[in-house]
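From first to last, the protein sequence lines are chains P and W. Per my numbering, numbering of the first sequence is gapless, rising by one per residue and ending at 280. Per my numbering, numbering of the second sequence is gapless, rising by one per residue and ending at 732.
No lab work stands behind these hints, which were simulated from the structure alone. Be aware that one or more of the hints could be misleading.
[Claimed, not checked] Simulated pairs of lysine-lysine, PhoX-like, Cα-Cα distance not exceeding 20 Å:
no.: 1; chain 1: W; residue 1: Lys502; chain 2: W; residue 2: Lys486
no.: 2; chain 1: W; residue 1: Lys505; chain 2: P; residue 2: Lys217
no.: 3; chain 1: W; residue 1: Lys645; chain 2: P; residue 2: Lys222
no.: 4; chain 1: P; residue 1: Lys230; chain 2: W; residue 2: Lys683
no.: 5; chain 1: P; residue 1: Lys238; chain 2: W; residue 2: Lys697
no.: 6; chain 1: W; residue 1: Lys629; chain 2: P; residue 2: Lys222
no.: 7; chain 1: W; residue 1: Lys629; chain 2: P; residue 2: Lys217
no.: 8; chain 1: P; residue 1: Lys217; chain 2: W; residue 2: Lys697
no.: 9; chain 1: W; residue 1: Lys414; chain 2: P; residue 2: Lys217
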Amino acid sequence: MKILRKFAAVLASAALSVSLFSFTVPAEEEFSLVTDDAGIIEDIDEIEKAVIDAADNSGNLCDILIYTTDEYLSSPMNYADDRLDEYLDATGEKDGVMLVISTESRDWWITTTGYGITAFTDYGIEKIGELIVDDLSDGNYDEAFLDFAELCEKFIIEADESKPYDTNHKYRDSGFYREKIFFGTLIGVVITIVVIGTMVQQLKSAQIKTQANQFVKEGSLNIIKQSDIFLYDTVSKTRRSSESSSGGSSTHRSSSGRSHGGGGGKF
Amino acid sequence: MSTLLNYKCPCCNGAIEFDSSIQKMKCPFCDTEFDTETLKQYDEELANRTPDLEDEWDKEAPENWDVPEGLVGYTCQSCGGQIVAEETSIASSCPFCDNPVIVTGKVSGMLKPDWVIPFKLDKNAAVKGFKEHLKGKKLLPKAFRSNSHIEEIKGVYVPFWLFDCSAHGDITFRATKQHRWSDSTYNYCRTSYFHLTREGTLDFVKVPVDGSTQMADELMDSIEPFDYSGLVDFQTAYLSGYLANKYDVDAENSKARAAERIKTSTAEVFKSTASGYNTCIPDNMIVNISQGAVKYALLPVWILTTKYKGELYTFAMNGQTGKFVGNLPLDKGATARWALSLGLGLSALFSAILMLFS
């Protein structure tokens, strides 16, 4: 009887220890807004602060997340959707936008859900990718992620206060104005050259004549032999570029059944 | 197994071979394929080209002129220009370079002109023509308008050789036709290549070449055409009140210039008979001139020579039709101001348009 009581006490202590351990959540299972599995971020605190501030400044309508990995991604879309779903499942949030980077396959993908689908249209995702891809390619990851956070803030605010950036409401950065000024100046310069060239030509009226068309005797042309021989054909073809100008956000369902928007590319 | 046939590729001129696997002629250098019949026809065309012969011009030359009394010759010590005028018409400056001329006495070594077109427009018309010529030229220096001593404009009979001939041309062209179409994936373009031949004759009447080295060819070419219905048989009386330039380029040396213009025109006229092609470029040109005849004529030209900033500017007006030509100086300061203001204005305008409508 005494042995049985001692055995029961040991069993009870063991059971209590196990249950105590189960209440301690291991650090690696916390869902951070910035996950750097690839180890490419130099100052992770700065990036985390940036995404938190961006979400706060845009009214917390949508969580902003960054995820890096050194795994080879056969389907960047599925991988990104799953990472975002894990975050949403763990936190109970419904609205998010996540940028996923793979250093192995050199893919970038932006996945969205909830309000993220509204705020980030197909055009918007492509635009953000365009603006950060150079920094990703050059290995300036911190710079790229800071820009991503800033752009997400702007896009969410615009979607909330006005309408989402799309093909009929384009995002204008400083590069937009530089580009328009460059091409406007180019057109202006070309037209100026043509006009000034014409005015200079007005001063020149003496030219050597290389032909004598005015001295052809009328009706004297007599063609005695005329032949047109077909030699050969060549056929060339160029692929047509497909442009989608309808705008909006295309969506799909992830493995969890949740609806996602998204887009990506290589860097 | 390939059989060797002796043709040249029309595309790259390489030695072409019969390829029995495709039953066509194929060039091993550029891979272009041809039907045998096409190449045979092409080869026959090349073999039957007209030979390139020497141009045939009339050997008859104008007669020497026994210049009557009352006409005096002048020579310019600066440019060597030789002019003839009546004793009563005093020529003090050279119409070609504006330097003083000296009297050389009785005129000799001149050919009697066959024809002359008398002056139809007087000095007032010439002065008016010059003023019109300066109007509307925004880049002309203002100082030039006031300093051109227009009253010194002179009426000069300029010697011309007038060439008649028949040109026999045998010209080949490379031409293409293009056809474009699309499907949902690609845009297509088929380019078909052709070898064209045009052979025939074309007559030319009174092609002018000026017989004076003092008269710039571009100036004399630019006041063309003269209305040849105004040509009359030459008489000395027509020189009264005007100067006449003595020729120093004879007919023999002028033929080459006439032949060049005639050959170019022959090619252009023959090319105009090839229609329905996107491009048509002359490939090989043989033009033989025959039945050539040349006449010597004096044609009326009002001439003004003026100096501006050390450079000589010569203007000429057709004394029959009134066509006025002559290159004018450029005001660099005005050009820069125009370029800057236009450039800035247009750049700002188009930048704003692109920003608004993008």
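Okay, the hints, checked on the actual structure:
no.: 1; hint: W:Lys502 / W:Lys486; in the structure: 33 Å, violated
no.: 2; hint: W:Lys505 / P:Lys217; in the structure: 16 Å, holds
no.: 3; hint: W:Lys645 / P:Lys222; in the structure: 19 Å, holds
no.: 4; hint: P:Lys230 / W:Lys683; in the structure: 45 Å, violated
no.: 5; hint: P:Lys238 / W:Lys697; in the structure: 40 Å, violated
no.: 6; hint: W:Lys629 / P:Lys222; in the structure: 15 Å, holds
no.: 7; hint: W:Lys629 / P:Lys217; in the structure: 27 Å, violated
no.: 8; hint: P:Lys217 / W:Lys697; in the structure: 14 Å, holds
no.: 9; hint: W:Lys414 / P:Lys217; in the structure: 51 Å, violated
Hint compliance for this structure: hints 1, 4, 5, 7, 9 are not met, and every other hint is.
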